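> Please take these sequences and the hints and turn them into a complete structure.
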Amino acid sequence: MSIEIRNVNKYFGTYHALRDVNLEFASGELTALLGPSGCGKTSLLRIIAGLEQPDSGQVLLHGEDSTDRHVRERRVGFVFQHYALFRHMTVAENVAFGLTVKPRSQRPSKQAIRKKVMELLDLVQLGFVADRYPNQLSGGQRQRIALARALAVEPKVLLLDEPFGALDASVRKELRRWLRRLHDEIHVTSVFVTHDQEEAMEVADRVVVMNKGVVEQVGTPDEIYDNPATPFVSRFLGSVNLFHGRIHNGWAHIGDLRQEAPAHANGSSGPAVAFLRPHEIDLSDQPEGSIGAATITSIRIVGPLLRLELEREGGEGLVEVELPRERYDARTLPIGRKVYIRPRQMRVFVEKNAS
Amino acid sequence: MSSKHSLVLTEAPWLRVVLITLTLTFVALFLLLPLAAVITEALRNGVEAYWEAIVEPDALAAIRLTLTAAAIAVPLNLVFGVCAAWAIAKHDFRGKNLLVTLIDLPFAVSPVISGLIYVLMFGMQGWLGPWLAEHDIKIVFAVPGIVLATIFVTFPFVARELIPVMQEQGTEEEEAALTLGANGWQTFWRVTLPNIKWGLLYGVILCNARAMGEFGAVSVVSGHIRGQTNTLPLHVEILYNEYNFVAAFATASLLALLALVTLAVKSFVEWRAAQQAAAARNAEPPASVGSLA
Amino acid sequence: MASASAFTFKRPSVIPGFGITLGFALFYLSLIVLIPLSSTFLKSTELGWDGFWQTVTHPRVVASYRVSFGASLAAAAVNLFAGLLVAWVLVRYRFPGKRLIDALVDLPFALPTAVAGISLTALYAGNGWIGQYLEPLGLKVAFTPVGITVALIFIGLPFVVRSVQPVLQELEPELEEAAASLGASRFTTFRRVILPSLMPALLTGFALAFARGLGEYGSVIFIAGNMPMISEITPLLIITKLEQYDYAGATAIAVAMLLISFVLLLLINLLQWWSRKRHTE
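Chains as they are written, first to last, in the numbering used here: chain A, 691 to 1045; chain B, 6 to 298; chain C, 10 to 290.
Don't read these hints as lab results, they were simulated from the structure. These numbers come from a predicted model, not from an experiment. Where hints are given, some of them may not hold.
Stated by the list, open to error - Examples of chain C residues toward chain B, derived with CB under 8 Å:
id : residue
1  : K19
2  : D115
3  : A134
4  : F271
As the list claims (entries may be wrong) - Calculated lysine-lysine pairs in the BS3-like style (CA-CA distance at most 27 Å, straight line):
id : chain 1 : residue 1 : chain 2 : residue 2
5  : A       : K806      : A       : K846
6  : A       : K902      : C       : K19
7  : C       : K107      : B       : K271
What the hints assert, rightly or not - Calculated from the model, a selection of chain B residues having no Cβ within reach of chain A, i.e. all distances over 12 Å:
id : residue
8  : W19
9  : N50
10 : Y55
11 : V148
12 : E177
13 : T184
Note that CB positions come from ideal geometry on N, CA and C, so glycine has one too.
See the structure below:
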């Protein structure tokens, strides 16, 4: 394990920002800390870096307790959201900084530093801006320089705080693909913070979903997407339809549907809620295997998809559905038509923690 | 009319002319004329008389003492200002606002009282006076008193210039330096200091101008011994009270020159700082990430 | 632990050097400012309450308050208008020599007060460049309270200009455009839209100029004439008492002045807080 977090708690005043967080980050992996703003993900990243101190708990880097170790001895590379480039230094001086502040005995020669800087600038494909100042660069360029600067000291782990947060949408997309490729090249254990689930899914090997200071789920992007462990994860990873029902003796009753719910087999019964993503729904003429009937209220063609809005019978709310155009014909689904909602896949949670 | 304002936002031309004329008149009357008067009065009896008044031994001694007092007070207040600004702007602690207010205190105190407090501390009637006399240490009515009073009246200059500048910079660059392995001193010297250098210079210039020009506070603690405890402004007063106007104004012209140099450097610093701020804002990135795809 | 961390003195941070910098700052502050100032308050108790009261309400002292307060108020009031005018012209108009005027506004900060004092005296004396025209009109400036006011106008001008200027610069043009589009005349816009936004800054400048005027010494004593009961300012009385070795008396007057200064400082802080609040809203 490259990074281990054990029972970490952090308070800001009386606000409990991190609650008993336990995490492990494997060597060479690229992990995303994903969650809404205020969920504690940035605090956790800063605690790993040593920029904040946990109120209790431990941080282990490569098996060594580093909780009380000062940030400058941790050998972590940290990339700040707003880059934090030294504005009075050229790009080359920025990248060289970590090498030039080493004690004289460990400091490489001037030529060695220059060589290393050029290598890093080539790695981030920005060799041509070496003598410019940060304010002469675009946001995306600044971010890549910040990354090169962090890599210069050969960090054991690389931490990135919302690395694409301050960038335009188009630049952001491009840069995250680039980061993925770069990681495949250098393979340093990396953790990045993001509130954008698409970004986490596209870039990371593993995703840690956090909410209100608690780790909700850890897994690969598809595990998390296909099997969200909690209602929060389910909702946070994209739009989702909610269907209310009951759980009773290990069976879930959602609308007209009765389905085995083995996870709730041992006796828990009460109100429940089912989560269905728009693309996990089939439409049918027959009531068998359906939650219930609904009326089509709108239909739009969005690229390869049909996007429908249904009104459930009995005033139970709206349902969003996405259907592939190769399997459904828009002409057979006119507005006002009655259809049955048939889930292909459904996750049921007991209502009390479905908030 | 400033270019950023549209037509509806300005006054009729006649009114503009009236307002500008009023301003110029006021500035001429209250700011320019006093300056001109100093020069004219100083040269009333010709350049030779002017020069004699300046190279006279008591005048030279006064210049020396003024420079000495400033040379001690300004660096001390500089170190204090940097320390206070570092603690206040880069850290969060209780009582911070109170500390900021206390630092400003000397500006709220009349110069005369600024001198008086040291007389009460170190004078013969003061708390430490008898003990100091026993050990033959002279503070009040001697050079140390002058230095202390000068430090007091110039106390807030550097700190109050630096605190807002450093607060605005935030702590991200320092944190970045620390993650890259820099120690505290390297972080301050190589990251913080270059970012605050204009603010620092600004504070030092104002501090120095006041240190060399202070009159009231120094007057109380000086004892007015010619050639020994007379600073330049006190020398001006003595000459003036002896009706030696040419010499008084000649000496005063040196101080006026100091003021003009101060204003020039200050304008330059402001101009540089504004230029840098504009460069940081305007420099729109030329090449974009398009080149890496 | 949660509640414990809510009451700590300092929020932990990785930025080093807090202990040593704050330690030195507090040490230096105490040594130079706090201890000497508080010892002054202690010294004033030597007189006892009656003695203190008698000293600070002695007719000559009361007369000096009147002179100091009157002249400072008058000068600050003049600067309120003059400062607004100068700031307005510097921010809004373009004319030759503007940068020079802008730099010159700080002259009173940079020019030693004694120099300002003798120079203003030379200008306004009966035979001076300005005094020779005023005297025949029956207006004696030098060696009267009017002279004190003139000196304090000089000293106080930059306070108002430098308080108002940045606020005026930051004022959104949209506000005025909106007022104009709603049919307001230029004067109405100024009175109802611009002036209220400038008010906190104007008052701050006024208070700063007034406070500085109360304590001012160097630029005043040359032009004041220093006649007891008529043109004697309070700081001068402190010096007079000191020269008579009346340390207790000098201290009593100083303490009275300090108290007034601190109240003014508090007021100025409140005004600035108000101004900031206005500005960020």
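> It remains to establish, for every hint, whether it holds in the given structure.
Results for each hint:
1. With its C-beta approaching chain B no nearer than about 4 Å, C/K19 sits inside the 8 Å limit, and its interface hint holds.
2. A cut of 8 Å between beta carbons decides the hint on C/D115: the least distance to chain B is about 6 Å, and the hint holds.
3. The restraint placing C/A134 at the interface with chain B is violated, with a minimum CB-CB distance near 11 Å, outside the 8 Å limit.
4. Hint status for C/F271: holds, given a least beta-carbon distance of 7 Å to chain B, under 8 Å.
5. Distance restraint check for A/K806 and A/K846: the Cα-Cα separation of roughly 17 Å lies within the 27 Å cut-off, and the hinted pair is therefore satisfied.
6. A threshold of 27 Å between alpha carbons decides the hint, and for A/K902 with C/K19 the separation of about 25 Å falls inside it, so the pair holds.
7. Distance check on the hinted pair: C/K107 and B/K271 sit about 16 Å apart at the alpha-carbon level, within 27 Å; holds.
8. Chain A leaves B/W19 outside its interface by the beta-carbon criterion, the shortest separation being 44 Å against a cut-off of 12 Å.
9. Distance to chain A confirms B/N50 as a non-interface residue, since its nearest Cβ pair spans about 52 Å, more than 12 Å.
10. For B/Y55, the requirement that its beta carbon stay farther than 12 Å from each beta carbon of chain A is met, with the minimum near 45 Å.
11. Look at B/V148: its CB is around 40 Å from the nearest CB on chain A, clear of 12 Å, so calling it non-interface holds up.
12. The beta carbon of B/E177 sits about 4 Å from the closest Cβ of chain A, which is not more than 12 Å, so the claim that it is off the interface is violated.
13. Once the 12 Å rule is applied to beta carbons, B/T184 is inconsistent with being away from chain A; the minimum gap is 4 Å.
The structure shown violates the earlier hints numbered 3, 12, 13.
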